[in-house]
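K.L.:
As a plain string of letters, each chain reads:
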Amino acid sequence: MKNLSEASPAASTTGSRQAATDSSVAAWRERALRLGSTPHTRRGVSTRVIVAVVVLLILVVAFIDFIQRPALQLDVAAKYLFAPSVLEGIANTLKLTVLSMVLALVVALLLATMRLSKNPVLRGISGLYVWFFRSIPLLVLLILWFNIAIIYPKIQLGIPFGPAWFTTDTQQIVNGFWAAVLAFGLQQAAYTSEIFRSALLAIPAGQSEAAAALGMTRRRTFFRVLLPQALKIAVPPISNDTINLLKGTSLAAFIAVPDLLYSVQTIYNRTYTIVPLLMVAAFWYALFVTVLSIGQYYLERALRRERRYVPQAQTADLTAVVTGSAGAAEALEPEPIRASREERF
Amino acid sequence: MPIDEIPLISAVNLSKSYGSHQVLSAVSLDVPRGEALCILGPSGSGKSTLLRCLNMLERPDEGAVFLDGALMGYEEHRGKFRELSDTLESRQRSQLGMVFQQFNLFPHMTVLENVIESPRRVLRRPKGQVLAEAHVLLDRVGLSSKAMSFPGQLSGGQQQRVAIARALAMKPKAILFDEPTSALDPEMVTEVLQVIRSLVDDGMTTIIVTHEVGFAREVCDRFVFMEDGRIVEEGASDLLGGAAAHARTREFLAKVL
Chain A
104 MKNLSEASPA
114 ASTTGSRQAA
124 TDSSVAAWRE
134 RALRLGSTPH
144 TRRGVSTRVI
154 VAVVVLLILV
164 VAFIDFIQRP
174 ALQLDVAAKY
184 LFAPSVLEGI
194 ANTLKLTVLS
204 MVLALVVALL
214 LATMRLSKNP
224 VLRGISGLYV
234 WFFRSIPLLV
244 LLILWFNIAI
254 IYPKIQLGIP
264 FGPAWFTTDT
274 QQIVNGFWAA
284 VLAFGLQQAA
294 YTSEIFRSAL
304 LAIPAGQSEA
314 AAALGMTRRR
324 TFFRVLLPQA
334 LKIAVPPISN
344 DTINLLKGTS
354 LAAFIAVPDL
364 LYSVQTIYNR
374 TYTIVPLLMV
384 AAFWYALFVT
394 VLSIGQYYLE
404 RALRRERRYV
414 PQAQTADLTA
424 VVTGSAGAAE
434 ALEPEPIRAS
444 REERF
Chain B
194 MPIDEIPLIS
204 AVNLSKSYGS
214 HQVLSAVSLD
224 VPRGEALCIL
234 GPSGSGKSTL
244 LRCLNMLERP
254 DEGAVFLDGA
264 LMGYEEHRGK
274 FRELSDTLES
284 RQRSQLGMVF
294 QQFNLFPHMT
304 VLENVIESPR
314 RVLRRPKGQV
324 LAEAHVLLDR
334 VGLSSKAMSF
344 PGQLSGGQQQ
354 RVAIARALAM
364 KPKAILFDEP
374 TSALDPEMVT
384 EVLQVIRSLV
394 DDGMTTIIVT
404 HEVGFAREVC
414 DRFVFMEDGR
424 IVEEGASDLL
434 GGAAAHARTR
444 EFLAKVL
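Quick mapping for you: the protein sequence lines, in order, are chains A and B.
Position in the first sequence (first residue = 1) + 103 = my numbering.
Position in the second sequence (first residue = 1) + 193 = my numbering.
Bound conformation, chain A alone:
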């Protein structure tokens, strides 16, 4: 820096630095060129490597120590990994997840459109629903649905306060499994409806206007223009919620639904091998979450349709336009628009 100011023409005219001669400029230039070709090194690279090695070492030691602990009884875990009751638990867990999520998605879409409608009553009901189901803890809701028969002992189909055409005991329909589906699905719907609502709000108003100008009805606009764009925005948060729901279904063990956790608990209550069986449950949950995450990746990629690969000729054409070489762009277009500068108005 000092060398530079001494040699610069501005500095040489200030009077006090008259000493700046041709030879000192040449010397500065030589040094500048030498420094200009000196290799660069980054500060702190060695520190980074040391920290990384130490952290990795600690982790490896901790991991080796963990899997060697006798309490794990990995042989026991391996024995029960594919036990029939565990597999049955897995099936129930997956059924619970899928049914709850389907219920949640359908109800959520309904709630979101109600919330965005012009009808204040529908808006209010949707808001009330979301408020209610977000306010009650999931476990409370689960036990409440399980005991719904106490409030409504019979389900009737008929005229209110009039004759009934069909009557059945509530308990015969809402058993533990369906109580769990209703509790998980209806609460999830409240959260998912907020995801749908924000996704729909994220779409510019111009989209609906363009659709209307093209003669589309509001219904067609919703299904052909708004929903496809909203789904793309909603997929990451909904995938997140699905993963949460999968693990959350383990709460169903509280009302004795034979899901994965419940099956595992039944076994260890008998054999007292608590840790290895929890390992079995952890393994299966982690496996399914991994599968869901991979699914999410591919779903997002499939929905990102407009960013897919474009054939070479078209990309070349595009870059020609972007870089402003109008001639190249026109050469690739069969019937080019004459866009010469002279014709500017």
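There could be a bad hint or two in this list.
To be verified - Far from chain A, by Cβ distances over 12 angstroms, these chain B residues were calculated:
id: 1; residue: R245
id: 2; residue: N248
id: 3; residue: E255
id: 4; residue: D261
id: 5; residue: Y267
id: 6; residue: R286
id: 7; residue: A362
id: 8; residue: L369
id: 9; residue: R423
id: 10; residue: A429
id: 11; residue: D431
id: 12; residue: A438
id: 13; residue: H439
id: 14; residue: K448
Unchecked claim - Sample of chain A residues facing chain B (criterion: CB under 7 angstroms; computed from the structure):
id: 15; residue: G227
id: 16; residue: G309
id: 17; residue: E312
id: 18; residue: A316
id: 19; residue: L317
id: 20; residue: M319
id: 21; residue: V328
id: 22; residue: Q332
Please keep in mind that the hints were generated in silico from the structure rather than gathered at the bench.
Given the structure is predicted, the values throughout are model-derived calculations rather than measurements.
All C-beta atoms in this analysis are idealised placements derived from N, C-alpha and C, irrespective of residue type, glycine included.
Assemble chain B onto chain A, guided by the hints.
P.N.:
The following block gives chain B in isolation, referenced to the frame of chain A:
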């Protein structure tokens, strides 16, 4: 303008306000078949609102719009106006093409899908016919090589040309342009104006809200100048050369030319 012919588009006494702000004050306007009309005026003068009232994207508070003699958006019922159903209104709207400042192409559809969507699904026309016409239209706007691209992969000028092709695909009776070049880089304005000019040359009835006064003078037949929600002057577009009668119009032209 021949008095004995029903105008293709006619606005009678349109008024519209947002809260206490009066955007349109009893605007009346006749556009005969085949005319190219431009609407000029400072921002906030109600140009876009007038255009959007013509195809009922905005409902006027008072007044009526007629397309080819037929009342838009309403039906007469016991001496009062009653709003048309969504289905009927949509069908009416499809007869008026509209091109927006922000293009508003559907980003999840290819260029070709954008063009064929409404002819296929709203008009329910056979696919082969619609596809063939779409290719002709894309060729006309110079974008047949982009049929399989997505809007996000196109420049602004190309997107606007697709938007014009999309509007034409519905075979509208007239096309409304709402500041079609205002969102474009200067070097892309020409390619879009060129397409509009060719439509006007073909005799398409056109209403264009624009700030391109030079284009308006050259291509349009007639201009209206709006200020504070009223039409303050109208005349042949030759007058835009500087011979405009109204002082406010002259003042505006002096600024933009």
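K.L.:
It remains to establish, for every hint, whether it holds in the given structure.
P.N.:
Here is what the structure says about each hint:
For R245 (chain B), the requirement that its beta carbon stay farther than 12 angstroms from each beta carbon of chain A is not met, with the minimum near 8 angstroms. N248 (chain B), annotated as away from the interface, has a beta carbon of chain A within 12 angstroms; the closest lies near 6 angstroms. For E255 (chain B), the condition that its CB be more than 12 angstroms from all CB atoms of chain A holds, with the nearest at approximately 22 angstroms. With a cut of 12 angstroms on Cβ distances, D261 (chain B) stays outside the contact zone with chain A, its closest approach being about 15 angstroms.
Once the 12 angstroms rule is applied to beta carbons, Y267 (chain B) is consistent with being away from chain A; the minimum gap is 16 angstroms. Consistency note on R286 (chain B): stated as away from chain A, yet its beta-carbon is not over 12 angstroms from all of that chain's, at 5 angstroms minimum. For A362 (chain B), the shortest C-beta to C-beta distance to chain A comes to about 9 angstroms, within the 12 angstroms cut-off, and the non-interface label is violated. At roughly 8 angstroms, the least C-beta separation between L369 (chain B) and chain A is not larger than 12 angstroms, which violates its mark as non-interface.
No Cβ of chain A approaches the Cβ of R423 (chain B) within 12 angstroms, the least distance being about 25 angstroms, so the stated non-interface status holds. Once the 12 angstroms rule is applied to beta carbons, A429 (chain B) is consistent with being away from chain A; the minimum gap is 17 angstroms. The non-interface label for D431 (chain B) is consistent with chain A: the shortest C-beta to C-beta separation is roughly 15 angstroms, beyond 12 angstroms. For A438 (chain B), the non-interface assignment is confirmed: its Cβ lies about 23 angstroms from the closest Cβ of chain A, beyond the 12 angstroms cut-off.
Non-interface call for H439 (chain B) relative to chain A: holds, since the shortest CB-CB distance, roughly 23 angstroms, exceeds 12 angstroms. Interface exclusion of K448 (chain B) from chain A stands, the closest Cβ pair being 17 angstroms apart, more than 12 angstroms. At a threshold of 7 angstroms, the smallest CB-CB gap from G227 (chain A) to chain B is about 23 angstroms, leaving the interface hint violated. Checking G309 (chain A) against chain B: minimum C-beta separation of about 4 angstroms stays under 7 angstroms; hint holds.
Checking E312 (chain A) against chain B by beta carbon gives a least distance of about 6 angstroms; that is within 7 angstroms, so the hint holds. Checking A316 (chain A) against chain B: minimum C-beta separation of about 4 angstroms stays under 7 angstroms; hint holds. Of the supplied interface hints, the one on L317 (chain A) holds, with its beta-carbon coming within about 4 angstroms of a beta-carbon of chain B, less than 7 angstroms. Contact between M319 (chain A) and chain B, as hinted, is supported at the beta carbon level, the nearest pair being about 6 angstroms apart and thus within 7 angstroms.
Hint status for V328 (chain A) relative to chain B: holds, with the closest Cβ pair at about 6 angstroms, below 7 angstroms. Using the Cβ-Cβ criterion of 7 angstroms, the hint placing Q332 (chain A) at the interface with chain B is satisfied: the shortest such distance is roughly 6 angstroms.
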